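So the sequence lines, in the order shown, correspond to chains L and S.
Going by this note's numbering, the first sequence opens with residue 1, and the numbers climb by one from there.
Going by this note's numbering, the second sequence opens with residue 1001, and the numbers climb by one from there.
It should be emphasised that the hints constitute simulated quantities derived from the structure, not laboratory data.
Everything numeric in this text was worked out from a predicted model, so none of it was measured.
Hints may contain errors.
[To be verified] Some chain S residues judged to face chain L by a derived CB distance under 7 Å, without partners named:
| id | residue |
| --- | --- |
| 1 | Pro-1030 |
| 2 | Ile-1032 |
| 3 | Leu-1141 |
| 4 | Leu-1145 |
| 5 | Gln-1148 |
| 6 | Asn-1150 |
| 7 | Thr-1155 |
| 8 | Leu-1157 |
| 9 | Gly-1161 |
| 10 | Ala-1164 |
| 11 | Ser-1285 |
| 12 | Val-1297 |
| 13 | Ser-1307 |
[As the list claims (entries may be wrong)] Which stretches of chain L does chain S cover? Using the computed rule of at least three CB atoms under 8 Å from a CB of chain S, they are:
| id | region |
| --- | --- |
| 14 | 163-176 |
| 15 | 208-214 |
Heads up, the beta-carbon is just placed ideally off N, CA and C, and yes, glycines get one too.
The lines below spell out each chain.
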Amino acid sequence: MTASTLAPAEARQHSPRRHKRAWGFHLVMAPVSLLWIAPMVFVVFVAFRSFDDITSNGLGSLPHSFAFDGFVTVFSDGLAGGALLNSVIVTVFTVVFSLLLASWAAFALSRYEIPFRRGILLLMLAGNLLPPQILLIPVARITESLGISDTLFALIVVQVAFGLGFYTFVLHGFMRSIPAEIFEAARVDGAGEIRVYLRLVIPLTRPSLAALAALATTWIWNDLIWALTVLRTETKFPITAELLNIQGGFVSQWNVVAAGAIVAAIPTAVVFFIFQKQFVSGLTLGSSK
Amino acid sequence: MTATVGASNRARTAQRGVRSRRGSVRRVPPVIWAFLAIPLATELALVFWPAINSFYISLTKWNGAGAPEFIGFKNFQNLTTDPVFLQALVNNVFWVVGFGGASVVIGLLLAVALNRPRRGVGLYRSAIYLPMVFSLAVTGLFWRLLYQPNGAVNTVLGGIGLGAWERQWLADPATALVAVLVAAVWRQCGYIMVLYLAGLKGVDPTLEEAAAVDGANKWQRFWQIVMPQLRGVNAVVFAVTVIDSLRTFDIVWAMTRGGPYNSTQLLSTYMYQTSFTTVNLGYGSAIAVVIFLLAIVFIIGYLVRASRTED
């Protein structure tokens, strides 16, 4: 029994075994994936069923109808339309201003010898890690005393302030990794601070800005607790908060509730599918170094 | 004249290269101070100042109208005998362990299974990721539908001959918390998987091959070669999970609002109810302070790690 006699036997065995393992992999993963998407499929089914179908055949049965009643109700009663617009306004302004301010702070902290800059950076990150519960009551009072309570503006400002620390931390890490020679060269050319920031730092940090933007968009869109804290008037509610009102107002009209949930979920799902790469890399930005 | 002198002085300083080893500039120009001051002031005013305020409010009795009345640590004393608070605390401990344990085990398993590129991996990964982009409120409503008495969960159980298991998942105090937990874990697994996939990318394959040559089986290789290299990710996952668990609010609020009979009450939902439904702001702040004190250890742990990776 020598090595030469062993080798062909092993080679023959190799490919069927690999084949079998591939089958085993799919045999496990396909059902798991199906199990994962089953809840979503079920909700989509419910959303496209008619109310009569649900009451007569039961909520859990397969669809016996195809109707847009749920979606029509969600939009026609002026429930979701305004709320979606509110969400878009809040999300766009919050994401833009968060990243703008965070990139300023990160630029200053990463390129200049500001005293205690590490402490400042960690302090800012700490602010983002605080449980929001410790901020809710005072934040509600502060927005009242500033006369901006119950406005989208207040919601934007509050969320910008709360998210800043994390974005600053991530961007700071990225900006530090830019080679110093590049800045050296720019300065020799006589570029001022603003120019360096606009022409060098922003273009070079674009990948992490994109990742953070994708991530922040879903975070801000999905927020519930700040909206409930800052806003009182229901017409100002973003879609996530409005969704709970829809649920309360259409008890047992499950097609309406399902349609509302889908309307609220689609924008973030779209962002995810378009920016999947940025989104996934964004999630690991602050963690996997 | 003075201006030009100043300018040329500044130019000379710059030329002399007053910079540190790392290429950062020693002299901080005013515009850079502004770059730092505006974000920092925003955060100080709307995050740290409110946080400090909460500590003071927690020492008062206050219903929002008029001035808060200072009562010392009375709120905290009352908390120790408040059955709802104690139940929320127990539930929260259960939540941290259940939510963290289940999502870490499933997320890690999925990451290991979907680590190597092969046919179908992208599709499977997307299926697991997708729930993570939904808000917790949307997730809660999805699962509220599933858990209805005649909803999908019971229908499926009946269909596969487990009709005896059918129940009113969210209306039964015995099952409500676990039911909410399942929904939260369903959403969280994708996130944990992302973190571990990133960690697995950094694992040195030659070490595993060497161990395989030495005759280590798969199980041994995973625990003794791969796991130690995932220490960094483990630490982050641990900290993030605990911090997240302590602030969990949305999904409970969307599904049960803490009911039935406080069986799904968490510290955050109880804090919200006492503060904004019964408007007992001092007592609510005291609960918030408790949440903060429980979280601070893990926040500091996370920060220590963050500061180490920064350098």
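Quick rundown of the hints versus the structure:
Taking 7 Å as the C-beta cut-off, the interface hint given for Pro-1030 of chain S is violated, the closest approach to chain L being about 9 Å. Hint on Ile-1032 of chain S holds. Least Cβ distance to chain L is approximately 5 Å, under the 7 Å limit. Hint status for Leu-1141 of chain S relative to chain L: holds, with the closest Cβ pair at about 4 Å, below 7 Å. For Leu-1145 of chain S, the interface hint holds, the least distance from its beta-carbon to any beta-carbon of chain L being 6 Å, beneath 7 Å.
Checking Gln-1148 of chain S against chain L by beta carbon gives a least distance of about 5 Å; that is within 7 Å, so the hint holds. With its C-beta approaching chain L no nearer than about 4 Å, Asn-1150 of chain S sits inside the 7 Å limit, and its interface hint holds. Taken as an interface hint, Thr-1155 of chain S checks out: its beta carbon lies about 3 Å from the nearest beta carbon of chain L, inside 7 Å. With a least beta-carbon distance of about 10 Å to chain L, the hint placing Leu-1157 of chain S at the interface is violated under the 7 Å criterion.
The beta carbon of Gly-1161 of chain S is not positioned within 7 Å of any beta carbon in chain L (closest approach about 16 Å), and the interface hint is therefore violated. The beta carbon of Ala-1164 of chain S comes no nearer than 17 Å to any beta carbon in chain L, farther than 7 Å, and the hint placing it at the interface is violated. The interface hint given for Ser-1285 of chain S holds, since its Cβ lies 6 Å from the closest Cβ of chain L, which is under the 7 Å cut-off. With its C-beta approaching chain L no nearer than about 12 Å, Val-1297 of chain S sits outside the 7 Å limit, and its interface hint is violated.
Annotation: interface hint on Ser-1307 of chain S holds; nearest CB of chain L at approximately 6 Å, less than 7 Å. Against chain S, the region 163-176 of chain L contributes 7 residues with a C-beta closer than 8 Å to a partner C-beta. That satisfies the three-residue criterion, and the hint holds. Restraint check on the region 208-214 of chain L versus chain S: 0 residues with Cβ-Cβ distances below 8 Å, three needed, restraint violated.
Checked against the numbered hints above, the structure breaks hints 1, 8, 9, 10, 12, 15 and satisfies the rest.
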